[in-house]
Each structure stands twice: as C-alpha cells, then as structure tokens.
Amino acid sequence: MSQADSLFGPPSKPINVGQFSQIARQAGVDLWVTNSHFIPENSRNVWLTLPSSQKEAIEAECSIDDLRTTLDDVVSDPRLMAHVSKAHESGVYAIHETAVTSNRRKRKRNAAPDASEEHPSVHSIKTHMDAIKLKSWTLDINAALFIRPPKQSDHNTLVKAKAFALPEPNTSSQQTIVFATVYTPLSWGHKLSARSSQHALLSSHTLGDLYDIIPCISHEIPQNSLNEHGQSVWNNTARQDSGAVICVEGLLFGDGQSEKDYAERYLEYANALPEKKRPSLSKATAMHDTPLSSLTLSLHTPYWLLHAGDCTHYIVFEQMRLFHPSDPSPASFPLTIQITPPLLDLCRACNKVPAVLSVVGDIRLGESPFVICRPCWEWMGTPGGEEESLLKVTYLPRYEFGWNS
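1 is the number of the first residue of the sequence shown in UniProt numbering; add one for each residue after it.
No wet-lab data here; the hints were simulated from the structure.
16 Å max Cα-Cα, derived EDC-like pairs, lysine to aspartate or glutamate:
no., residue 1, residue 2
1, Lys126, Asp73
2, Lys160, Asp327
3, Lys126, Asp77
4, Lys13, Glu318
5, Lys86, Asp130
In this text the structure is predicted, and so the values were computed from the model without any measurement.
Required output: the full structure, derived from the provided sequences and hints.
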C-alpha cells in the first residue's frame, strides 16, 4: 500500500457520499440552471440597446471565420494535413531531445524532404506559417517542461461509454455520480502503477457493482476441465471469479461468496503480522450489500482491491457531483468510460507478432509455458512419442470480458 501513496493525491477531507448529495440538494439552488440574479440587471440589455452599426462592428471584430476557413482548407487536404502534422511532431521531438541530457541512445529521425521537391501548396502553407509573428507560436526550449512521450494509458479501447444493464436499474436522477479510476501495478516497473480503466457510478450502486465492471486479465485465465470423453480441455468462455476484497478507510468489504471470504482471510493474515507492522483493519459488510452512498471517501486516495489470489489494483475516486440533465439515462449506469488496452506478449519464436497459444511440457522449447503464434506452432508441429502425451496447449486470453464496447 505504501508503494502507491506517492503516486496520488493530495487527498481530500473525508466526504460522506450520502450526505454530499443531501446537502447539495438542500442548498436551494439549481446548480444547472442559470438564475437571473447571477447576471447584473444593467448588463443583460446592453447588447439590445446598441445600434446596428456597432453590433456589426463587434461581430466582425470577434469573428473567427478567417481562421476557420484556413483550418478547414488544411484539414480537408491530406497533403497539407500531413505536412502540418509532421512539422509539429518534428518540432516537439527536437525540443524534447535537446532538453534531455541523459546518455540514452537517441533514435534517428528521417531527414526532411528537399524544399525543391515540395508541392506548391505545401510550400505556400509553410511560408505562411513561417511568417507568423506571434512569439508564442514557435516553441522554445522551455516547452520541454510540458512535453512527455505518449503512454499506454492514453489509449482507449472503447469508442463510446460502455453501459452495463443491471437487473434492477435505478432511474432516479436525484443522485450523485461518483467517478472511479482503477490502477494496476506494473510488473516491470519498481513501485509504479498505470491506469487501467475509468468508471462512472451512481451513489445507489454498490462496491460490488464497481468490482463486477472492472476489466482485468485475471478474469481471462481459462479453466481446465474434462470433456465427455475424459480428455483435458480448456474453457476460455467462463469468467474466473475466485473471490475479492476491497479495503476502504480501513474497512474490508469481502465478496460474501462463502462464510470465510477474502475479507476474513486477509484479516487473519494481517493479525498474524508483528504488532508494529499490523495495519488497523476491520471486517465490514459484503461489497454487493454496500452502496456507495453509505461510504465515507477521500478523493484522490488509493483504496486497494485484491482478487484472483494475488492480483492487486488501486481504486481512486477522482470526483463526485450531482446528476446533470445532459448525462446519460440513470438506467444506463454504471458506465465504463476508458479501458487501457492490455499489452500482448509477442511470440517467443519469431518475436514479431502477438502470441496466441501457450505451450506447456514441450521439451523442445527452452521454457514452460512457452507463448507462441499459430504459424510458428504449425511450422514446428507437435512432438511425437511419449512427449506428446505430456503436452498441453491452450489459447491465450482473448480479452472479451468487458474490453469491447
């Protein structure tokens, strides 16, 4: 838990979700409607009293039609758009590489095309951009302080918010919307976590609803079972759910699947620790019986989730606000608004394409399990003799549970 504390914050004061909604509603002001007394009476009718000539002069001065026309012309022309994009990327890269003083090997960039080979339209827009006198138009070395390379968590597998139909949807708009971000520790980074998904829930939803919609590669582990002929087969269509516990403000919310669930087991583990290292924890209600409105949360504070043995996530509640009329229907909540695409393992044989198979027990390979793509596996073929009876081949997860919109 201490590893994640330095990545988030500063934390807010504890906020009771139920009281937040109640106090906001009792304020007596509709926050989504502009009241007349918020606008000075003498300024509302100023525009109407102006003469037509003065209105036209103001409209002409504030008009951005010339900028919009220029932008439309550039965006609609693939040649011009490609030049503008490449020029921006080259400029940002040059500033970033100049500011970085590390000894890491710098990647070579392709040389710019010869000016004599440029299309006349490209040469024209280049000349126009170079003639801009605005001092902030060109980036200087100080811009490196605000430049970072793109990250995996910047991507989103969803093309639109993903709704989850609950058995008994709550259609009341008199609720609070709570936004939660899920982080997952990186296996290759020391004390680092990366954002894996973001969700929006109503205050009437439970911690269990949040857990159910969190996508995780641990849910994709196939099950090994016997078919009708007694042969071992792998089932990739069933979601793995061996238990879970969420810790919020020192309270352990288990899944309630058994009398001795993850909360009870973790409490036993914590009580067995030395007194100086023993955290102050207590078991609470089951997560599916705990609505968010009953919780007291601190924003920007990581609360941990443990499931599937030792798979850990950090849940950070980013913000909460009242329901807005422009929001989707309450019946469509909870929503998943961002999912970071999972990193796929490359084939260990060709190291070029993502692996689709996991091979266990093949003595020809240097490790077990060995991940491999289908063409490489077909090219190798199955071993003969006694080794073939010990061989187990299964498909790698397809990331179907909640990854697609």
